[in-house]
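Asker: Read off the chains here:
4 protein chains.
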Amino acid sequence: MRCDSRRLPLTVGLLLALLATQTLFAQTRQEIQIPDISGYRTLKCDFHTHTVFSDGAVWPTVRVDEAWREGLDAISITDHIEYQPHKADVPTNHNRPYEIALPRAQALGILLVRGTEITRDTPPGHFNAIFLDDVKPLDTEELLDSMAAADKQGAFIWWNHPDWKPDKKGWFDIHTTLYEKKYMRGIEVVNGRSYYPSVHQWAIDKNLTFLGNSDIHAPSMLEASTPEKHRSMTLVFAREKTLPAIKEALVAGRTAIWFEDRLIGLPKYLQALFEASTEVSDINYMENGSVRFTLENHSDVPLDLERTGKLGPKSIQVPPHAVRLIQARVPSSESPHPFEYVVRNYLAAPDQGLAVTLEIPAQITIEIEVETEAQN
Amino acid sequence: MRCDSRRLPLTVGLLLALLATQTLFAQTRQEIQIPDISGYRTLKCDFHTHTVFSDGAVWPTVRVDEAWREGLDAISITDHIEYQPHKADVPTNHNRPYEIALPRAQALGILLVRGTEITRDTPPGHFNAIFLDDVKPLDTEELLDSMAAADKQGAFIWWNHPDWKPDKKGWFDIHTTLYEKKYMRGIEVVNGRSYYPSVHQWAIDKNLTFLGNSDIHAPSMLEASTPEKHRSMTLVFAREKTLPAIKEALVAGRTAIWFEDRLIGLPKYLQALFEASTEVSDINYMENGSVRFTLENHSDVPLDLERTGKLGPKSIQVPPHAVRLIQARVPSSESPHPFEYVVRNYLAAPDQGLAVTLEIPAQITIEIEVETEAQN
Amino acid sequence: MRCDSRRLPLTVGLLLALLATQTLFAQTRQEIQIPDISGYRTLKCDFHTHTVFSDGAVWPTVRVDEAWREGLDAISITDHIEYQPHKADVPTNHNRPYEIALPRAQALGILLVRGTEITRDTPPGHFNAIFLDDVKPLDTEELLDSMAAADKQGAFIWWNHPDWKPDKKGWFDIHTTLYEKKYMRGIEVVNGRSYYPSVHQWAIDKNLTFLGNSDIHAPSMLEASTPEKHRSMTLVFAREKTLPAIKEALVAGRTAIWFEDRLIGLPKYLQALFEASTEVSDINYMENGSVRFTLENHSDVPLDLERTGKLGPKSIQVPPHAVRLIQARVPSSESPHPFEYVVRNYLAAPDQGLAVTLEIPAQITIEIEVETEAQN
Amino acid sequence: MRCDSRRLPLTVGLLLALLATQTLFAQTRQEIQIPDISGYRTLKCDFHTHTVFSDGAVWPTVRVDEAWREGLDAISITDHIEYQPHKADVPTNHNRPYEIALPRAQALGILLVRGTEITRDTPPGHFNAIFLDDVKPLDTEELLDSMAAADKQGAFIWWNHPDWKPDKKGWFDIHTTLYEKKYMRGIEVVNGRSYYPSVHQWAIDKNLTFLGNSDIHAPSMLEASTPEKHRSMTLVFAREKTLPAIKEALVAGRTAIWFEDRLIGLPKYLQALFEASTEVSDINYMENGSVRFTLENHSDVPLDLERTGKLGPKSIQVPPHAVRLIQARVPSSESPHPFEYVVRNYLAAPDQGLAVTLEIPAQITIEIEVETEAQN
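Chains as they are written, first to last, in the working numbering: chain A, 90 to 465; chain B, 90 to 465; chain C, 90 to 465; chain D, 90 to 465.
Treat each hint with caution, since some may be false.
Which copy is meant is left open, so a pair is good if it fits within one copy or across any two.
[Unchecked claim] Pairs of lysine to any residue residues, derived as SDA-like cross-links and limited to a Cα-Cα distance of at most 25 Å, are as follows:
hint, residue 1, residue 2
1, K254, K403
2, K241, E269
3, K330, T383
4, K357, T367
5, K330, L384
6, K258, D234
7, K357, T397
8, K336, D223
9, K330, E376
The set of hints was computed from the structure by calculation and includes no laboratory data. The structure displayed is predicted, hence computed values, not measured ones.
Next up, chain A with everything else stripped away, as it sits in the complex (with noise of 0.2 Å):
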């Protein structure tokens, strides 16, 4: 319906253009709230994602408005460079991808990263290269060439699920190699609807970058039927939103990743997310020997708590933007009392969750000496 014949003067052709560009207008942007920390903004970001360049089943416009309306900040395109099964519909053409979509992502005020994905059999497996200027110089039939060819155009490079094969995964001489090189600085901690623990140990491990992508071939709201809501992504710890500053986090390790309903990351910048999503308030000492708060989750991300500590209850679950109401008994009203708790979907390491601590100051004792009569 929002196209016309060929033999159309040139002004129609322009106003079919601008009749499909409004599909996207009267679509609305939800923004993701997960809280900026530490004088940084918090980005959402996905830098793996696939168009009918190479296997994926979108026209690349289609990631744009994607990410548009599911409050993303920053994506790539990452079509592979050496397989491409709709080569004989869609000749190869390494940076179309990024081409077609720009126009779009500077539309929309999203941050659009020229990528690709260097594809080889496993191992070495997969990695992606971003911050390209030309993708064209990376077609190489050696992989280390590939990767000089990306480092010399100051790629940021990871490597990709690398336990997507169970029977061939592991950490071989090769990726020593591209680690020692300086070529990889990063690894995907997650991958689609996967998360593999024992990347999640290397990447503490080596010190790399922590990546969560969606990897998305199909349309993304085809995929992202899980009952969370949301594609899997990188949170950036950018100064600004601008891509040298998403570039220069990169480098600098300053990520997390949202994966379903949990977060992981380093423990600093899971410290400073728990702590700017929540707020404990309404403290009330009780004559019975309890005190009662309330714990708000300000944040998209719920909140599974689990005591270890003496006080509290033995688990608080607060969802999205909800507040709890909490009771315990505490020994005394006139000391602060320290809720020791470990947040189970806030991942430090594999299996293991982030320890916090809910300070609950002690009673506030207001004397009031003189005058009670005025009081209302």
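With chain A held as given, fit chains B, C and D onto it using these hints.
Answerer: Chains B, C and D in isolation, oriented as in the chain A frame:
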């Protein structure tokens, strides 16, 4: 993640193709519950969709996957012959969308109809031709030549979105020609989110088959963010679920349209749908001169009834698959009562709902003469 | 807003009562879709609820309105005989909840069973007696006197929430007495949001009727904020939808329990429910040595299947009213294939799903000898 | 399940009471996001609710639990003085609902206002009096005596649902009397699901405080099955979250009403709410003579804007907490542009939306004279 390098042997390529299919296997289909009528099956069809092969944004297989998930029985991919804005990247090949989508359609049991959109300035506008053997012969300079080529293949042809361009709309001589030559046998009373009342009247007056299609360009779920959660579609009342049966029904005009919360069609089909969708039960005459009964709606289409007679509440709404309790004063319990209503969202003509009668029988008096002591 | 001053004549009072009923008329009922089995109707029942007449928080009519809205067929209001925390404001009157709720139940077609909860320290704990004519005679000092009074009225009696108090739970002599005297003929395997595996085993071993009830005290929707969106209930397989038929089925032990996403009951009933809920169709043997078919779930209860045999995918999930496409390698197409699974969420015993077999027939070869030219 | 027998010692009774409270602790509160304005806190209040103590269907504590869950700050239970249909089972005791509900309100931080409904034939109709010390003195034969008794206690009084009885509605002499005596200082422009345009006009003309209340009788979630998913409520713009501050604001007329998807109030309050709820950003002048910007809605109330000026799209809808992208042709980029709209769902008067202007500044031209080579 579902691919691999170019150096893989053929068997691995097959494996990868299978893996790609897995995504679909992880999806579920939701059947549409609109009942069969009058000995015909009510097939849910969308005969107007686009892909990257003209101005759409998805790969042809996506149209099949969407159709399967959304409970459709049959679709056609109808890319424009004349308008190919992606031509630089996806060279023109009119039969490819069908060829690419067919294996997936066969795998999923979706009936795929080969079709195309003949695209001219308005007037005359755009026309869909389906049930083609080969699209190429329709790529002609003159519209009538294209129509003749389609007709020669036994195509079923209709006029798309006649009111699309408000300043150029209308029934022109060319339409009379197409109609009299029996090329044009149907018309889109509904296209996407638009319903055209004046076209509805034409369809009635000229005995044209009612068509309602999505005309989707973007991924289906992206566009289908309406509260109704379904795309516009044609309900085809077919002898069986086969392509020849669909064609026979289209030629015979046995269709209706599901648009938002409305059904649009000839009164005889709407009447049959109403009867098959509703059930009156638990009729109960009460001592205060009222009768009470329930009205159940078995269909996915809500019911919005407005009283036209003297009996019953002023309006009755029954959501899909819900039961409504109705109580109304009646003159007596000894005669049957016709509750006369108009179903406002079943459009029998522009701005005119379907007249229906809920027949409430008289109170059944069971006279039991003897052995009353045997009752429980 | 629905009332008026004390000086109104009687007819206005009636009018106001009618107006109060109107709210209910604005509600809709959602039928629960769990199929009938083995010639019996599957009635949805909750035989354990409370009102302000003991420690509940709603007026008796609310229990009926909730039941109607939520698709239940029968309920009992079972206020505590001995525990009346609102007594100062609502003087004890054991039969009042039933009397107040009855007209509404009759109006809405809800079967209302007169019942009560006999409430003693644990052990022995609490017991429900239903199908009573008068609750008062059960208000006795001694438990056995109360039981005898109920039994004299032909009551059906069961043990409520046996595991309620973890430190005092267990089967004591008093339970043996009640069981041997045939007072206690059923047991709550499920109460509210709790399922008791050890009680499940008792029910099997002692041939006690399986009961699952909500035991709601607050308004139903307030408590039912579970993701499953239904209350715990007893499915009664009754000859017809009448009170005597329900009693006959309870005595005969023909019940199962719907708890969260699980069905709990004797294997014969679960087997029948599985067969009535599922449909295998579109069986298709493919050239690559696989068979493909669809599995449809007609019920509101999801299906969670795990493979126990050699054929088929490792696990299969089918949401309510959805269709899943299944593809699996098979040794040949010339013999039928039993796909052996356990339905993990149909609990045939504690921690033990129901064993089922999806029978996939061999490929049908239709030999057509003559007149092949007549084919379409 | 939460109770025990009458022979339990006192401590067990306490334990049981605590257990009953646990249900509430399992609930979560959803804060309502309608912003504070003009230095005042926007408190969400419902000053008209019923319990079993008159013609409602819930125990008083239920009203508090519902309020907490639904994000309210303050409520009043206003049972009828004169209409007590449950009197036979719940003897009249005007102050009991407040007394029963108060401990729970204190536990949950809900401000509970003691109130009642003075209930007379129409006309004059019904009136709520809140901020009472004792309800009993209002139980008088003469309406004016009841009003005087309330006034003596410093009550705030308003007229409830003036249009409730269509055939008897209107402003009568008695209303003038109540108004002139300054007994009646507010009026329900909204009651439950009804909005009264003519009463809206009275409120404006006579400078009466705008009230919108639920008047719920059934459990809140039972009645609140509207798509809007919130009850009708009064937004009180108070100096702080205390009872005296609410009273001061009611007397001063600082309120608005949230009804379905509409806000209703004096233009000055609606204007402030609009400004606090919306944000224009990402302003971008384009080469084709258009400007593009985003409009974000921070509030739970949607925005439905219709163009009244010359610039901008004809209509703009922004769902709660969503961002809309807007693009419009402008005469130049060198001057600021006022986009003039009316917010159709912010009712400044009957059938009259709020006039607003989106101020889009001129393009900012940053002149950088030297060192352009330093740019990235």
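Asker: Now, for every hint given, state plainly whether the structure supports it.
Answerer: Tested hints:
1. For a Cα distance limit of 25 Å, the shortest separation of K254 from K403 across copies, 17 Å, qualifies, whereas the shortest one inside one copy, 39 Å, does not.
2. In the homo-oligomer, the alpha carbons of K241 and E269 lie at most 25 Å apart inside one protomer (16 Å), although the nearest pairing across protomers, at 68 Å, exceeds that limit.
3. Taking the closest pair of Cα atoms, K330 and T383 come within 25 Å of each other only across two copies (16 Å); inside a single copy the shortest separation is 34 Å, beyond that limit.
4. Taking the shortest Cα distances, K357 and T367 sit within 25 Å of each other inside one copy (16 Å), while across copies they are farther apart (34 Å).
5. For a Cα distance limit of 25 Å, the shortest separation of K330 from L384 across copies, 19 Å, qualifies, whereas the shortest one inside one copy, 31 Å, does not.
6. For the identical chains of this complex, K258 and D234 are intra-copy neighbours only, at 23 Å inside a copy versus 60 Å across copies, given an alpha-carbon limit of 25 Å.
7. Taking CA atoms no more than 25 Å apart as the test, K357 paired with T397 passes inside one copy only; the shortest distance there is 19 Å, against 45 Å between copies.
8. Taking the shortest Cα distances, K336 and D223 sit within 25 Å of each other inside one copy (17 Å), while across copies they are farther apart (51 Å).
9. Taking identical chains as interchangeable, the C-alpha atoms of K330 and E376 lie at most 25 Å apart only when they sit on different chains, with a minimum of 24 Å there against 51 Å within one chain.
Consistency with the previously given hints is maintained throughout, with no hint failing.
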